[in-house]
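Place chain S on chain P using the hints.
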Amino acid sequence: MTFLGMPTAGTTGKLRAARPSPEAAREALANTQLRRNLGNATATIRAKRATVVAELPDWAELRAAGAAIKDDVLANLEHYLVQLEEQVVARGGTVHWARDADEANGIVTELVRANGAREVVKVKSMATQEIELNEALEAAGIIATETDLAELIVQLGHDQPSHILVPAIHRNRSEIREIFLREMEGVDPQLTDEPRVLAEAARRYLRDKFLSAEVAVSGANFAIAQTGTLSVVESEGNGRMCLTLPRTLITVMGIEKLLPTWTDLEVFLQLLPRSSTGERMNPYTSMWTGATEGQEFHLVLLDNGRTATLADPRGRSALRCIRCSACLNVCPVYERTGGHAYGSVYPGPIGAVLSPQLTGVHDNPTLPFASSLCGACFDACPVAIDIPSMLVHLRSRVTDDKGRTPEAAAMKAVAWTMSKPGRWTRALRLVRLGRLLRGRRKVPPPLSAWTASRELPAPPKQTLRDWWGESGEHDGGA
Amino acid sequence: MRVAVFATCLVDGLYPDVGKATITLLRRLGHHVELPMQQTCCGQMHVNTGYPRQALPLVRNHVDAFAGYEVVVAPSGSCTAAIRHQHADIADQAGERALAEQARELATRTYELSEFLVDVLGVTDVGAYFPHRVAYHPTCHSLRLLRVGERPYQLLRAVRGIDLVELPNAESCCGFGGTFALKNTDVSSAMLADKMQALHNTGASVCAAGDASCLMHISGGLSRAGSSARTVHLAEILAATESATVGPPAPIEQVVA
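Chains as they are written, first to last, in the working numbering: chain P, 1 to 478; chain S, 1001 to 1257.
Treat the hints with caution; some may be incorrect.
The list that follows gives simulated cross-link-like pairs (lysine-lysine, DSSO-like), each with its CA atoms no further than 30 Å apart [stated by the list, open to error]: (1) Lys412(P) x Lys1183(S); (2) Lys1183(S) x Lys420(P); (3) Lys420(P) x Lys461(P); (4) Lys412(P) x Lys461(P); (5) Lys402(P) x Lys412(P); (6) Lys412(P) x Lys442(P); (7) Lys442(P) x Lys1183(S); (8) Lys461(P) x Lys442(P); (9) Lys402(P) x Lys420(P); (10) Lys14(P) x Lys420(P); (11) Lys1183(S) x Lys402(P); (12) Lys1183(S) x Lys14(P).
Quick list of the computed label-pair ranges, beta carbon to beta carbon [unchecked claim]: (13) Asn1201(S) x Thr244(P): 50 to 58 Å; (14) Gly1161(S) x Lys402(P): 51 to 59 Å; (15) Arg432(P) x Asp1163(S): 52 to 60 Å; (16) Glu1171(S) x Thr292(P): 46 to 54 Å; (17) Tyr284(P) x Asp1163(S): 20 to 28 Å; (18) Asp1163(S) x Ala68(P): 41 to 49 Å; (19) Asn1201(S) x Ala413(P): 37 to 45 Å; (20) Asp1163(S) x Glu183(P): 54 to 62 Å; (21) Asp1163(S) x Glu178(P): 42 to 50 Å; (22) Arg1104(S) x Leu245(P): 58 to 66 Å; (23) Lys48(P) x Pro1168(S): 12 to 20 Å; (24) Asp379(P) x His1032(S): 37 to 45 Å; (25) Leu447(P) x Ala1094(S): 28 to 36 Å.
With the C-beta cut set under 10 Å, the calculated list includes, among others, these residues of chain P facing chain S [unchecked claim]: (26) Ala25; (27) Trp59; (28) Ala60; (29) Leu62; (30) Ala65; (31) Ile179; (32) Leu394; (33) Lys412; (34) Pro459.
No lab work stands behind these hints: they were computed from the structure. Yeah, the Cβ is synthetic: ideal placement off N, Cα and C, and Gly gets one too.
Just chain S, with the same shape it has in the complex:
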C-alpha cells in the first residue's frame, strides 16, 4: 500500500524520531511510505485557542498536501481527530463548500497509527521487541474523539519482551490540553503531578502514548521531578526490534535544567 505519513508539526520540528519510527515501522510491514513535503500543521492549536479563521489556510494546505495519496497515517490521536472533526467544519464556517467536501473526503482515508495497523492492515503483532516496563497513557483525543479503545493495548501486548503494566486512573487527562498548559498552568501542573504519581506507582521505566504533545508535557514534568522514567511514543516501541532497538530510551535533552 502507498502510505503517506502526516508527521504533525510537533513531530516534524521537535520529535523527528517519532516520525522516523512511524516510517520505519510501516516500511517493515511492507508498505511504500511517503512523507509529503507540502504538509505543515493541522491547525488544531488555532482552532482550540479560539482562532478558527486563522486555521483555514492550514486546512487548505493540508487538503492539498495529501490530495494524491491513497491513505494517510498520523502518529497522533489529537491531530487525526482535528482532521476528522474540525477540518470540514472550519471550511463550512468560512463558506468554503468545495474545501469542506475535500476535507471530509480526506478524513475518511486518514488514520491514527493504531487504527491503521489494527483496522486497515489487520495486524496486532508488528514484530517489535522492547524489553522494558511500560505504562501506557491513553491520550484523551485518541480515547474520546477517535475511540481507539483497545487497539494500542493489543499492539503493545504483542511486543516481545515488554512488561506492560496497568496505569491507575489511566483515562484521566495528563493536563496538557494545548494552550491550556500555558493559560491555566497551575491546574495543568496539578493534573500532571497526579499523572506522574500514578506512573511512579507502577514502577514503569517508560510512559508510552500515541501523542507526542502529551508526552512532551509528561516528559517535561518527569525531568523536572528528577524521575528516572522516560516517555516513548507508541510508534517508537512498535518500530523497535532486536536488531534496531530504541531503548533503553535516552534522557530527553531539556532546555531548562
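Pulled out of the complex, with its shape left as it was, chain P reads as follows:
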C-alpha cells in the first residue's frame, strides 16, 4: 500500500515524555490527594463498566466484531480514506491532509484567520490535544475555549488533562471550586462545591461563547467512509452546540478513526459508551455529513505517526483504539500515578503503547516499561488490543535501539548460564553465597531497588536440583 506520510517518527505535538516515567511516577505517588481522587474515581467507573458490560450476552462477539472492523479499516486504509474524501467533498465539505501536528495546526490556524475570527469554541478532542492546537492558536492570537466541563476545568486551571475521558479526574470538587473562583470571568463569588452548582456556573460561562462563536473545532469519534458522515458522541450537549451553532466547523481527525459503513456504527455505539462512561448509551450522538448551505465544513485528516505505527505488524493493532479509556480505569499503575506521569496526551496502558509508536521508541524509551504486565487492560479493551504483548514487543525495540548497555550484557550472561544445565547448576551453587549477605543493611544496585521496600530472601542451604540429586529422591515415587 502507499503510505500517506513517511513511515518514520516525524511526529510533533504532545506525545513525548519529558522525563523518564519512573521519575514522574515517583512525584505523582507522593501526592496523596491525587491518589485518593484517582482511586475513588477509577473504582467508580470500573464498577459501572463491569455492570453494563455484563448485561450484554454478546459482549465477546461485539468485541471481536469491533476488532475485525478496525483491522479491515487498517488493512485498507488508503481505499477508505479516499472514499471518505470523495463523499465529504461531494456533500459540500473540504478535506485537508496533515502529515504532522505542525501541518495540522497551520491548516486550522489559516482557516480560522480566513474567517476573520479571533475566538473559537472547542469540542473535547484527543487529536487536537495531541497536536497542541490550543497553544498554536494562542500563538496566532486566537483564543480557543474548551466547552467540555472537565476540559474547561483543566484549561482554566492552566493544567494538563490526566485522563482520556475524564481529563480532570485528578481534581476533586473543592479544587474545581477554587479554580472557578480564581479564573472564571463573572462567576458568583458565593459559589459552593456542589456538583450541580459548579455545572451551572460552567453552563452560564459557556452559553455566551456558544452564541457568539463564528468557528468551532472538533475531533471525531467515527467517520463513515461510505457516506462521508462524521460523528461525535458526548454527554453534556456542548458538542452539539459547537457542531451546529457556529458558521464554520473544523474537524481534526486521526486517519484511523474510519469505519467502512453505517452498519458498523451499530457495533461501536454499543462498545464505546459501555467501555468509557459505563453507560448503556451516551446522552448525545451527533452526526453530520458535508455542509449545509451558508455553513462551512473542513475536515483535517491527521497522520502524525500513524502510518509509521501501521508499518509494524506487531504494533499496528494499537490503531484500533477508540479512546474509550477502559484500560486506564483498570490499570493498577494508572490508578496510582495518574495520567500526568505518562508525559503524553495518551496516558495509561494504551498511551504506553501508542505514544512510543507514534513518536518512535527512541523518543519514548521508558513508557513500554511502565507496566507490570498484569493484563487487566487487554481484558477491558473493547477492541481486543493485546496491550501486554505489544508492551513486550516495544520493550525489545527499546533494547535494540539502546544497543550495548550493562543491562544487555547482564541479560546475555544470564542467558548463557541458563542455556546449559551444567552451567546453571554451578551458578545456583554460587547463589548460595548470597547467604553471606544475611543481616546486611545495604546491598548494591540493582538489588537496592528491591530492598527499598522489600526484604530480599536469603538463598536456601540447598537448591532443589542438589536435593534431588543427593537425596536419592529420584528413586522414590509410585
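Only chain S this time, still in chain P's reference frame:
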C-alpha cells in the same frame, strides 16, 4: 502417570520447598514424578525485559529437557503462561520453524499445578490438612493468561482445617511484574502496599498464591512491614497433611534485616 516437574528457576534456586511440595503432592496422588536435570529457566524474564533473542537458547533447552515426558507440571502460572504463549513465538521470530513446532507441542502437555490437578487428574480434594487462616491472591498470569479461574479455590476449599477468607480486590496486581519491580520500584511498592493492606484487613496469617515470584515480592514487603503474616505457595498447602505439616509457616529468612 509419569509426570515431569518443571520447578522453574526461582523455585530451584531460592524456594526449593515449593518444588519439594509439588513432588510430594504428586507422589501422594499416586504418580511417578521426575525432575529432569536438564531444565533451567523458561526465559520469561528475558522476553519481558526486551531481550527475546536471548531467550531463544533457553526455549531450545526447555524443549529438549522435556522432550521425552508425557506431561509437564509447573508450580507457576507465569512460567506456564510463558511456555504456552511465548515459546513458539520466540522460535518463530528467530525463523526456527521446527523448534516452534516442538514448543507448540510441548505447550499442549504443560500444565500449571491447579490446572493439572483439576483438569487432568480430576481431583479437588487432595487430602491436605492446613489449619490456618488463608487469603488467596490470584496471580495475574494464572488469572488472565491461563484463566485458571476457580481451580485454586476449589482445591483450597477442600483442604481440611483451612479457614479460607476472601481477599478484597483480589484480582488487583501485587506489583511484582518481574523487572518492573526494579525498574519502577516506586509504583511497584505502592501496589504492594495496597495488597498488604487488603491482606491485613482479612486477618489472615497466610497469603497463598500459585507463583513463587509474586510471593517473594509480597513476603519481602510483609517482612519489611513487620507483619506476622507469611506467604505460602499453593503447592505447600496442598502437600501438607496431618502427619506432614508445613505450618505454621516459619518466618522466611531475609537478607536485609
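Evaluated hints:
Annotation: proposed proximity of lysine 412(P) to lysine 1183(S) holds, straight-line Cα distance about 18 Å (limit 30 Å). A distance of roughly 28 Å separates the Cα atoms of lysine 1183(S) and lysine 420(P); the hinted pair therefore holds under the 30 Å criterion. Only pairs whose Cα atoms come within 30 Å are accepted, and lysine 420(P) paired with lysine 461(P) is accepted, the gap being roughly 23 Å. Among the hinted pairs, lysine 412(P) with lysine 461(P) is consistent with the structure: their alpha-carbon atoms are about 27 Å apart, no more than 30 Å.
Straight-line distance between C-alpha atoms of lysine 402(P) and lysine 412(P) comes to about 15 Å, which keeps the hinted pair within the 30 Å bound. The hinted pair formed by lysine 412(P) and lysine 442(P) meets the criterion: a straight-line CA distance of about 26 Å does not exceed 30 Å. Restraint check for lysine 442(P) and lysine 1183(S): satisfied, since their Cα atoms lie roughly 18 Å apart, inside the 30 Å limit. For the hint pairing lysine 461(P) with lysine 442(P), the CA-to-CA distance comes to about 22 Å; that is within 30 Å, so the pair holds.
A hinted pair counts as satisfied when its Cα atoms are at most 30 Å apart, and lysine 402(P) with lysine 420(P) qualifies at roughly 28 Å. Restraint check for lysine 14(P) and lysine 420(P): not satisfied, since their Cα atoms lie roughly 47 Å apart, outside the 30 Å limit. For the hint linking lysine 1183(S) to lysine 402(P), the alpha-carbon distance of about 16 Å falls within 30 Å, and the restraint holds. Proposed proximity of lysine 1183(S) and lysine 14(P) is supported: the alpha carbons are some 24 Å apart, at most 30 Å.
Between asparagine 1201(S) and threonine 244(P) the C-beta distance comes to about 52 Å, which sits within the given range of 50 to 58 Å. Here the CB-CB span from glycine 1161(S) to lysine 402(P) is close to 53 Å, well matched to the stated 51 to 59 Å. Our hint of 52 to 60 Å for arginine 432(P) and aspartate 1163(S) is violated, since their Cβ atoms are close to 36 Å apart. Range check, glutamate 1171(S) to threonine 292(P): about 51 Å between beta-carbon atoms, so the 46 to 54 Å window is met.
At about 52 Å, the beta-carbon gap between tyrosine 284(P) and aspartate 1163(S) misses the expected band of 20 to 28 Å. Distance hint check for aspartate 1163(S) and alanine 68(P): the Cβ-Cβ separation is about 48 Å, which falls inside the suggested range of 41 to 49 Å. One distance hint, 37 to 45 Å for the beta-carbon pair asparagine 1201(S) and alanine 413(P), holds here, with the actual separation near 43 Å. Between aspartate 1163(S) and glutamate 183(P), the C-beta spacing of about 56 Å keeps the proposed range 54 to 62 Å intact.
Taken as a hint, the range 42 to 50 Å holds for the pair aspartate 1163(S) and glutamate 178(P), whose Cβ atoms sit roughly 49 Å apart. A hinted range of 58 to 66 Å holds for the C-beta pair arginine 1104(S) and leucine 245(P), which are about 60 Å apart. The given range of 12 to 20 Å is respected by lysine 48(P) and proline 1168(S), whose C-beta atoms sit roughly 19 Å from each other. Between aspartate 379(P) and histidine 1032(S) the CB atoms are about 38 Å apart, so this pair conforms to the stated range of 37 to 45 Å.
The hinted range of 28 to 36 Å is satisfied by leucine 447(P) and alanine 1094(S), whose Cβ atoms lie roughly 31 Å apart. Taken as an interface hint, alanine 25(P) checks out: its beta carbon lies about 5 Å from the nearest beta carbon of chain S, inside 10 Å. Restraint check, tryptophan 59(P) versus chain S: the minimum CB separation of about 16 Å is more than 10 Å; hint violated. At its closest, the beta carbon of alanine 60(P) sits 13 Å from a beta carbon of chain S; the interface hint therefore is violated under the 10 Å criterion.
Violation of the interface hint for leucine 62(P) is found here, the shortest Cβ-Cβ separation to chain S being roughly 20 Å, above the 10 Å cut-off. With a least beta-carbon distance of about 22 Å to chain S, the hint placing alanine 65(P) at the interface is violated under the 10 Å criterion. Against a cut-off of 10 Å between C-beta atoms, the interface hint on isoleucine 179(P) is violated, since the closest Cβ of chain S lies about 27 Å away. Taking 10 Å as the C-beta cut-off, the interface hint given for leucine 394(P) holds, the closest approach to chain S being about 8 Å.
About 6 Å separates the beta-carbon of lysine 412(P) from the nearest beta-carbon of chain S, less than 10 Å, and the hint is met. A cut of 10 Å between beta carbons decides the hint on proline 459(P): the least distance to chain S is about 6 Å, and the hint holds.
Checked against the numbered hints above, the structure breaks hints 10, 15, 17, 27, 28, 29, 30 and 31 and satisfies the rest.
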